[in-house]
Amino acid sequence: MDQEVKLPEGVSIEKPVPEPKSNTPKPKSPTIPDFEVDPSLPRIVFPHYTNNSKTELACTLIRPDGSAHMEMNIPKDPGHPLCKDIFMQYDDSEIIHNTNRQIHLNGKASEAAEEAAKHEKQSKQREDIWEMKQTFLGMDVVKQESNKDLRRKIRKSRTVIEAQAYGIACILREDGKSTN
Amino acid sequence: MESQQTKGYLICATLSHAFYDAAVQCIIGLKDEVPDAQVAFFTHEDWVQDEHRYLFDHLFTPTPIHNRTKLWALDKTPFDVTMYIDADCHIITDEITEVFDHMEEAGPDCDVLMSENRPYNAKVVYFQSSDQAEDGVAKELEHFKEEDIQLYRDGKAEKFRWHCGMFVWRKNEKTQKLWSEWLRYYRKHNESFDREGCDPYPRGLAYWDTFAFWRVMKEQDLGINIQKMPKDAKYNFVIGYKQTEIRYGEEIAVLHYTIPPSVVAEETIHETTLNTTFGSIDVLR
Numbered sequence: 001m002d003q004e005v006k007l008p009e010g011v012s013i014e015k016p017v018p019e020p021k022s023n024t025p026k027p028k029s030p031t032i033p034d035f036e037v038d039p040s041l042p043r044i045v046f047p048h049y050t051n052n053s054k055t056e057l058a059c060t061l062i063r064p065d066g067s068a069h070m071e072m073n074i075p076k077d078p079g080h081p082l083c084k085d086i087f088m089q090y091d092d093s094e095i096i097h098n099t100n101r102q103i104h105l106n107g108k109a110s111e112a113a114e115e116a117a118k119h120e121k122q123s124k125q126r127e128d129i130w131e132m133k134q135t136f137l138g139m140d141v142v143k144q145e146s147n148k149d150l151r152r153k154i155r156k157s158r159t160v161i162e163a164q165a166y167g168i169a170c171i172l173r174e175d176g177k178s179t180n
Numbered sequence: 001m002e003s004q005q006t007k008g009y010l011i012c013a014t015l016s017h018a019f020y021d022a023a024v025q026c027i028i029g030l031k032d033e034v035p036d037a038q039v040a041f042f043t044h045e046d047w048v049q050d051e052h053r054y055l056f057d058h059l060f061t062p063t064p065i066h067n068r069t070k071l072w073a074l075d076k077t078p079f080d081v082t083m084y085i086d087a088d089c090h091i092i093t094d095e096i097t098e099v100f101d102h103m104e105e106a107g108p109d110c111d112v113l114m115s116e117n118r119p120y121n122a123k124v125v126y127f128q129s130s131d132q133a134e135d136g137v138a139k140e141l142e143h144f145k146e147e148d149i150q151l152y153r154d155g156k157a158e159k160f161r162w163h164c165g166m167f168v169w170r171k172n173e174k175t176q177k178l179w180s181e182w183l184r185y186y187r188k189h190n191e192s193f194d195r196e197g198c199d200p201y202p203r204g205l206a207y208w209d210t211f212a213f214w215r216v217m218k219e220q221d222l223g224i225n226i227q228k229m230p231k232d233a234k235y236n237f238v239i240g241y242k243q244t245e246i247r248y249g250e251e252i253a254v255l256h257y258t259i260p261p262s263v264v265a266e267e268t269i270h271e272t273t274l275n276t277t278f279g280s281i282d283v284l285r
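One line per chain: the protein sequences are S and C, in this order. If you read the first sequence in my numbering, its first letter stands for residue 1, the second for the next number, and so on. If you read the second sequence in my numbering, its first letter stands for residue 1, the second for the next number, and so on.
Chain S extracted, bound-state conformation (with noise of 0.2 Å):
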């Protein structure tokens, strides 16, 4: 039964937008074998095949308590007893569904740890290159007005080598003055 609810003023709920029904065909679901499970065991999700020849499986185990781990380097045999009770419970059709879903997943995170990767290390080099710049720059030797040329050398630098460079060619020119 609907329930009357008081609004403030100004404020109205608009009934959803029924979701447009899509055409395309509903995919097959995988045939579910019937078996009977002792409730005391750990529940077995997502099995897929970890090589190419589909001799080996992994699958997640999750225990009563709610624990969960992977258990890997399942070989496919009959006599194995997780592999017995995989394929008492999946079809083999589904254990490949879930190893391309598996395939396309690894193939995601590898995209992204690189993708990590590689901004990790963009940082580091902006990171470094700012540091020897502001330490550099920061020192009394290099302030000399003698050094202008060099200073704007150190500034302009693209790379930690190259700014490096610079300050200490700084430090060598106001040392050989001195030494002089």
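No lab work stands behind these hints: they were computed from the structure. There's no promise every hint is true.
[Unchecked claim] Simulated coverage check for chain C against chain S, where a stretch passes if three residues somewhere in it have a Cβ under 8 Å from a Cβ of chain S:
no.: 1; stretch: 26–35
no.: 2; stretch: 221–230
no.: 3; stretch: 245–258
[As the list claims (entries may be wrong)] Mimicking PhoX-like on lysine-lysine, the simulated pairs with C-alpha atoms at most 20 Å apart in a straight line are:
no.: 4; chain 1: C; residue 1: Lys123; chain 2: C; residue 2: Lys31
no.: 5; chain 1: C; residue 1: Lys218; chain 2: C; residue 2: Lys242
no.: 6; chain 1: S; residue 1: Lys143; chain 2: C; residue 2: Lys31
no.: 7; chain 1: S; residue 1: Lys156; chain 2: C; residue 2: Lys231
no.: 8; chain 1: S; residue 1: Lys153; chain 2: S; residue 2: Lys143
no.: 9; chain 1: C; residue 1: Lys231; chain 2: S; residue 2: Lys124
no.: 10; chain 1: S; residue 1: Lys118; chain 2: C; residue 2: Lys123
no.: 11; chain 1: C; residue 1: Lys123; chain 2: S; residue 2: Lys153
no.: 12; chain 1: C; residue 1: Lys159; chain 2: C; residue 2: Lys139
no.: 13; chain 1: S; residue 1: Lys148; chain 2: C; residue 2: Lys31
no.: 14; chain 1: C; residue 1: Lys145; chain 2: C; residue 2: Lys159
no.: 15; chain 1: S; residue 1: Lys156; chain 2: C; residue 2: Lys242
no.: 16; chain 1: S; residue 1: Lys148; chain 2: S; residue 2: Lys177
no.: 17; chain 1: C; residue 1: Lys76; chain 2: C; residue 2: Lys177
[Claimed, not checked] Residues of chain S clear of chain C, computed beta-carbon distances all greater than 10 Å:
no.: 18; residue: Ile74
no.: 19; residue: Ser110
no.: 20; residue: Leu137
no.: 21; residue: Met139
Predicted, not measured: the structure shown is a model, and the values here were computed from it. Note that the Cβ used here is the ideal one computed from N, Cα and C, for glycine as well.
Start from chain S and add chain C according to the hints.
The following block gives chain C in isolation, referenced to the frame of chain S:
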């Protein structure tokens, strides 16, 4: 005939001491290259070291403890024509002064000269309002996704054209109004409950002053004439830009880097009355 208008540079450093250190380096570089450059500097009084005072021709304190103090400072410029530069810039050559020539050449009708964003080097440039998105959810778009760019081409997305880290303007009624509106919109975005002041645009854009600027230009008819700075990358070469952005025979005049965020965070003023991200416009120091 040379213009009699006063010309100078405006730089702000507030909220994090890292900006002060960067600004000092920026101004030392500027005065190395252009010894008679006039600088208006906005910062906190207790940060100013006596040894640096010679660098600041016009020192403005107190100033808001805020990450966008520039929006508060722009209409206080003491110059007729001003170049705003972010504190995290290195001035490389005296050709920085060409920006004033460009303003002169653009004519008296030109109010502001700005540089353009390079989408490949910007965090966010394209976005959709909730009215434009098919699913009704405002979102930021990715410049590297063809389908996202197509939305912009089809008029179903917006773009931040102007980079707000460097620009040159004439002080007049229109630009004074522009700066006050820019600040008003920035506050509206960031100080409203749950940043709902951003609606119908993505609330994640609130942090960006570029967003507030874009919105002022879209929603307010101020009659401002903004033009693209000729050879713009030369005067605002942001780290990450392609070298090919610099025209043949030209050299970078301003190198715009980024202070490592961890350093900015470490040196930020933390007080209970201040918002941890953007501080407060109302607390002056």
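Okay, the hints, checked on the actual structure:
Counting residues of the stretch 26–35 of chain C whose beta carbon lies closer than 8 Å to any beta carbon of chain S gives 4, which reaches the threshold of three, so the coverage claim holds. Evaluation of the coverage hint for the stretch 221–230 of chain C: breached, as 0 residues show C-beta separations to chain S shorter than 8 Å, against a requirement of three. A stretch counts as covered by a chain when three or more of its residues have a beta carbon under 8 Å from one of that chain; for the stretch 245–258 of chain C and chain S the count is 4, and the coverage holds. Proximity of Lys123/C to Lys31/C is assessed by CA-CA distance (about 32 Å); at most 20 Å being required, the pair is judged violated.
The hinted pair formed by Lys218/C and Lys242/C fails the criterion: a straight-line CA distance of about 30 Å is larger than 20 Å. For the proposed pair Lys143/S and Lys31/C, the alpha carbon gap of about 12 Å is at most 20 Å, so the pair holds. Under the criterion of a C-alpha separation no larger than 20 Å, the hint pairing Lys156/S with Lys231/C is consistent with the structure, at around 18 Å. About 13 Å separates the Cα atoms of Lys153/S and Lys143/S, which keeps this hinted pair within 20 Å; it holds.
Between Lys231/C and Lys124/S the CA atoms are separated by roughly 30 Å; this puts the pair beyond 20 Å, and the hint is violated. Only pairs whose Cα atoms come within 20 Å are accepted, and Lys118/S paired with Lys123/C is accepted, the gap being roughly 16 Å. Among the hinted pairs, Lys123/C with Lys153/S is inconsistent with the structure: their alpha-carbon atoms are about 29 Å apart, more than 20 Å. Restraint check: the Cα-Cα separation between Lys159/C and Lys139/C comes to about 12 Å, which is no more than 20 Å; the hinted pair holds.
For the hint pairing Lys148/S with Lys31/C, the CA-to-CA distance comes to about 11 Å; that is within 20 Å, so the pair holds. This hinted pair checks out: Lys145/C and Lys159/C have alpha carbons roughly 14 Å apart, not beyond 20 Å. Distance check on the hinted pair: Lys156/S and Lys242/C sit about 15 Å apart at the alpha-carbon level, within 20 Å; holds. Taking the CA atoms of Lys148/S and Lys177/S, the gap is about 16 Å. The hint holds against a cut of 20 Å.
For the hint linking Lys76/C to Lys177/C, the alpha-carbon distance of about 12 Å falls within 20 Å, and the restraint holds. Interface exclusion of Ile74/S from chain C stands, the closest Cβ pair being 39 Å apart, more than 10 Å. Separation of Ser110/S from chain C is adequate, the least Cβ-Cβ distance of about 18 Å exceeding the 10 Å criterion. Not every C-beta of chain C lies more than 10 Å from that of Leu137/S, the closest at about 5 Å, which undercuts listing it as non-interface.
Met139/S, annotated as away from the interface, keeps every beta carbon of chain C farther than 10 Å; the closest lies near 12 Å.
Going through the hint list in order, the structure does not satisfy hints 2, 4, 5, 9, 11, 20.
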